[in-house]
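J.: Chain residues, written in single-letter form:
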Amino acid sequence: MGAKKENNDDEMDEKVKKYLRGEAANLEGLKDKKLKGQLAVREDLYGKSAKTAAKIEKWLLPSEGGYLEAEGIEKTWRIKQESIAREIDISSSKNQYDIVLPELGPYTLDFTSNGRYMAAAGRKGHLAIVDMKTLNLIKEIQVKETVRDVVYLHNELFFAVAQKKYPYIYNRDGTELHCLKEHGAVLRLQFLKNHFLLASINKFGQLHYQDVTMGEMVGNFRTGLGRTDVMQVNPFNGVVALGHSSGTVTMWKPTSSVPLVKMLCHPGPVSSLAFHPNGHLMATSGKENKIKIWDLRKFEVIQTMPGHAKTLNFSQKGLLAAGTGSFIKVLADFSGSQNYNSYMTHSMAKGYQVGKVLFRPYEDVLGIGHSMGWSSILIPGSGEPNFDSWVANPFETSKQRREKEVHSLLDKLPPETIMLDPTKVGTVRAPQKKEKPTKKEIEAEMEAAIETAKNTDFKKKTKGRNKPSKRAKKRQEMIERAKKPLLEQQIQEHETSRKKQKTNPEIEMPKSLQRFVRQKAP
Amino acid sequence: MKVKVISRSTDEFTRERSQDLQRVFRNFDPSLRSQEKAVEYVRALNAAKLDKIFARPFIGAMDGHRDSIKCMAKNPNYLKAIFSGSDDGDIRLWDLASRRTVCQFPGHQGAVQGLTVSTDGSILVSCGSDCTVRLWNVPDANLADSDILSDNSAKPVAVYVWKNAFRAVDHQWDGDLFATAGAQVDIWNHNRSQPVNTFDWGADTTISVRFNPGEPNILATSANDRSITLYDLRMSSPARKVIMRTKTNSIAWNPMEPMNFTAANEDCNCYSYDARKLEEAKCVHKDHVSAVMDIDFSPTGREFVTGSYDRTVRIFQYNGGHSREIYHTKRMQRVFCVKYSCDASYVISGSDDTNLRLWKAKASEQLGVVLPRERKKHEYLEAVKNRYKHLPEVKRIVRHRHLPRPVYKAANLRRTMIEAERRKEQRRKAHSAPGSIVTEPVRKRRIIKEVE
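Taken in sequence, the protein lines are chains A and B.
Reminder that position 69 of the first sequence reads as 69 in the UniProt record's numbering, one-by-one numbering, no gaps.
Reminder that position 2 of the second sequence reads as 2 in the UniProt record's numbering, one-by-one numbering, no gaps.
Isolated chain B (complex conformation) (with noise of 0.2 Å):
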């Protein structure tokens, strides 16, 4: 006879030291968890609405400045600082965890328009409609730190004058190059007055400029005359151009899939393109309600956020429809410019009553150090949620957001014209010969022509 019994003993099991960790013992037998979906489904639920209950996206507004902000910049090698510019020719550089004002840069006349920041954080590029451009020395991280507040400006390294006044500027990702845009796109060097490359296609103004990541010498511009325009600084001509029904009121490059882009347009929808494919949309990306104006790429390109005529900042995905996320507040008026921070972990919103305002990306994400077993158990719930996300009661309420009045009644309205005008073609392809009449998809319809 052979014979053997379950028998534990106690030491093996337990542990030696109080100050020992208990141990754990795991067995993953499925017989010994009964009805596991089930249980997976109500956590999924839970999870769901735990994270309802803990959205708190707004951190912070920081208040300053005079006039409506019109453009921002990220320190590329400063995680906590952002510079600001204001309609009344006032820049700020702001630290983030304090809220606070670091340092100003007098020296505008008019409204600045454009702002950005050499990849090497060095040098902050400002341009306004007073027809200057102008390049300061960036401030020291460690004043950014310190607390003397009191007579922080800056002067200018250089003062450029020019021919038109400017809408925008973008620097080089890696390069030292910027250019402008304005009543054509200039190409400026750091150390020349004057731009070392003038490109102008067509005759209207240009008002937002960006430079490609990957590939440092081409940018993309948009202009009032509804085009958006691809530039290669190696040629002596604009490379391609789409011209859509309605004009484009900033581009972004997705910094991970550097050949696609993402536009802005002002027709409440925002448009992602392949910079090769430019005859059709990838992705139309609609929820908002007025015309946006202005987009940022989170660093990870799984993202992005816009900045809304209708008051509210909305989070996309790169590849999704609609808005994964809306931000909006009560005092806050018009977005002109929004900003990923560059952990993207962080939105920054300037808008036109004067304030920039600091919101979470992930609105009901934890602030601060994070245990591993806490994050491992944001991550299981984050899964389980993904699970079962389909399903009409996670659903529910994952996807309800509660929206300020006009909003909701701009939206109302935008579905009903939209369902109308689709019925409205529907009947038309009916009572026509069969053929006659195409449906183009939404990604081809906003599309005028393309032209190389």
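Isolated chain A, as found in the complex (with noise of 0.2 Å):
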């Protein structure tokens, strides 16, 4: 009895640790009475609120989520589609199925925020949207012309296409609104919700964003490294993420030509590139066969698996599922400690080539985009079981869709808000005081610098000018000049001292006698 208490309060802690977000303010050192009294009742009550949510999130949430559980010698990853099709009820089997369009060819998809309707968008220039509730096609277009992507806007009224020569925009009765002539011939597109962004990347590797509510450019950058079709952005806090041939991926934002990070990732090209919803893990794929996961705080790997990868993407959940050639394998991570294991796999039928994998939000679903067409697994455990209605709501009326755009309209975050770390926005820079270093460290930064001018090797010169006292005095030379500035800051530093000192007459006679000391001849 005590211990399953003490197991109920470890639950209960970590749920509230995921409302707290972050620590709390250090008061310990704060010397204003009045305010450090008004932060520890805002602490209070930041307390109180995480636990109020996580207790709401224990008793009050609808649903629960989807799980796959292997017994006795079963491993999760052997258990077929048709396996789980018969332990489910009818309406989730609905959403296994393979739609075979085979003259359109490799087909690409994209999903609304809430998972509610989906846009596919064919090689050849078929273009439909598609009901996931109902399964119904709501519309289908030939726009006569190559598509290489498709992405929604914030809602599933509009949606952008990166066709042959430009980026068009349609809403959903198929009516092209926008051609969108600056971006070029568009790869790859991706949307920033928050921002009302469109972002995309050209055939010769430039880099667009572009304000859909009020078509302003607001940002065009040449990345300089090349022609990519490898891009994703970061939920977490809007930074576009582009991995290239060289091996390296960048991450941008649209207030700096520059990209933030240029981290290289892979001794070949990066074939794709995924986000955790949490924004902390990235996942990358190289051609060189390697799939690795990166942690974002510290821009390190966490762990390498073998295996190619022409597709990746996260779920709402943290699964991590890749496509290569006809076959999918699903990572995830029950343990929390941030080793992906193999949880399901499939195989399509033989020669489909997977394009693009993405999972359904808010369902237990995997969409896959493939050279025959399109297909949706079922994969138990990915999705988030309970929806926000004013986040993302599948089933979201057309007055409520209307009154959420007006708001998220309101709500429209300036480009200035892309950033690495978003929990700094509203947030002070501290003061950075700069510290001067104390003797001992100018000492061993000198003995430091001494040592590497003493240990520098020299190039074997020619006869007569590599004569040992040539060679001796040359360290010599090279030694002084290591010493050089740092004893000249030494002076400089002993100078303002005495200039000091000179201005503040004897420190012990009283004020009014102090005019009639003695100066000391310059």
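Hints listed in this document are in silico derivations from the structure and should not be mistaken for laboratory results.
Simulated crosslink set (DSBU-like; lysine-lysine; CA at most 30 Å straight-line):
#, chain 1, residue 1, chain 2, residue 2
1, B, K395, A, K193
2, A, K55, B, K385
3, A, K424, B, K52
4, B, K389, A, K31
5, B, K330, B, K286
6, A, K33, B, K277
7, A, K15, B, K377
Dock chain to chain to rebuild the complex, using the hints, since each chain is given by itself in its own frame.
T.: Pasting the structure below:
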């Protein structure tokens, strides 16, 4: 009984921690008593609200997440879709299907943020919009042009399509609304829904950001790293990551023309990348048969796994899907130790080339775009079971959608709020005091400089210039040269302190008598 | 194998009938909302801007008096009523909702200097420079609602003539005594034509008097000799007195913390005192650029309103050094009296230009019925704004007020003068023997001495 209670408390603590959003402020050193009191009250309130939220999560949420558990000698990754289909209800098994459209060639997909609608785009110009709840085809158009990517804008009414020469924006009825000529021949599109920015990377490696509300071009940057079609937005902070053929991954924000981060992830080309929804993990795959998982807080690799991946995607609950050829592997980390293990696998019919895998939000469904159409399989435990009506509502009515559009436009974030650590918004930078190096540190620095000067190797010079005396002299010179700036600094400090002393006459004298102190001869 | 997948039936998540409300599901998981801090900040910024857009504090002017308005009194029993007395001896009862005179009280020969209403709201006491105290029956509230406006003039219940002109009057909060201020402080009973008690301390005229809301027998007065005096009716002599460098024009007790009062001073500042500790002010409220003429606390005790000779009305927090709001119009002249309405949502000012003006206490507040959802939204925006108020962008928008040019210039001048004084003081200190010059805090500097 006691152990159970303790276990319960631990679970609760874990949940509270999630809602606290970081450590409480340290009020120990605060001298202002009034402020301290006010802040203590605030912190108390935060704690209470976190506790309430945790309780709500424990008791009040309507649905529970999916799961797949193996019994006996079964292994979860050997369980086939057919055997899952036998165990579940009919409405869920509707989500397992293959749509075969062999003519209009490799398909790519995108879901709306509430997971209700899907846009599928075939390479040969076929665009289809499907209501995933009823599985009705809402609209189908043929643009008669190469289509490389499709992405939904803020709701299901608008979507952008990267076509042969330019990206276009269509509405749900298939009417062309805009042709975004400035972007050029775009390979990948991404939409930042908090900022209403459409980001694109074109054939020449140019990254464009366009505000879709006002049509203003917010940023236009040359990456200078060549053509790439690996691009992903980090949903946590809005930073766009690009994977390049040199094996580097660069991260961009619309207000700077140089990347925020440039990291060498693979020795060969980066074939795909994906972000965990909490923003702390990134998965990359390289052509050299490696999938790596990175910690974005430290920019360190956490885990390296062998395997190709043409496409990667993280689900809301943190499952990682990797697709290559006609084979799909789903990795999971249920222990929380950031150690991804194989969870489920799925093989398509031979000859299908998987182009895109994408988890459907708020459902246990993985959408697959491949060379012969698109498919959908069930991955239990991948989606968030409880949606929030004010964030993304799969059962949204048109009135609610309209209202939400207005509210999200009112809350549109300016592009400046895209940064690596979004919790920095609304904080004040602490005054940076420049610490003066102590005498010991200066000495140590000098010592080190001399040491490096002593240990440098000389090139072999021609006869006569390579004599031991010459070499010793040269070495001595180098040591002097290394010492010089540090000595100069010391002298300067000495001077300033002497000047200070001059202005401050004898300290022991009373103030009224200080003017009678004899001035020292200069 | 145990397996479960998410499966939502449409019936569970949508409404049954079209008359039902849409069902709302919440999940407070932070990972569903990306960049929530930035979104909050943008909301705070937008709320601050919207507040500025919707700031329309002026509701209307009440015209009718023929001379400048000297004093006002609110009826504690009736929210819509306000009494005003003017320099030509005219007293009027106004209906704030329709902004019309309901009733007039003719009789005073000179200026009406003080007005007060008994706590039960039945008796109006007025006093003036014609050396009389008049008691009036307050007309019924129903009459105020009726439309008969012709010949609504009341007759006084009693007229008491006394030796000297009066400057102010205030009624006890609990009891039927009232105090008048003039050459001395007189305590009156409703039924007697002569004061029941008289206090005198110092030779000069007393100019304002206020009873303590908590302790009915304690009152504070201020006099022309720059003193603030506390009296206890149970004692035969005044209790305590503090002498400041400049005259105090008016006093208001904090109704929620009845030991504290705030004094409106001639030197443009208001000083909050603890009545038990008069050697130091608790807080100095600066911002006016000319003498503060009148002050009144909100019934919540969190805010007070001041009217000043610089033709502006300001609202201060009870513990804030600077005003949170300034009201002015082109036509408003020197403000002699201000009142906070009994529901803490309106402010009434009476000024030299013979008008009473009705203002909202919160400039951008929505008048009329606010639906619960709307109110929640307002509360949320208020909280968000409060959270980010220290950030430069939000702060700039929230703090910005358009000032009339003379006030703006006078404020600049005042700032320069204060700064120069401070610098001079610093230099003097630097060139004197250490410890010989002590800088006193502003809370103490304007106080000359405290007398028991």
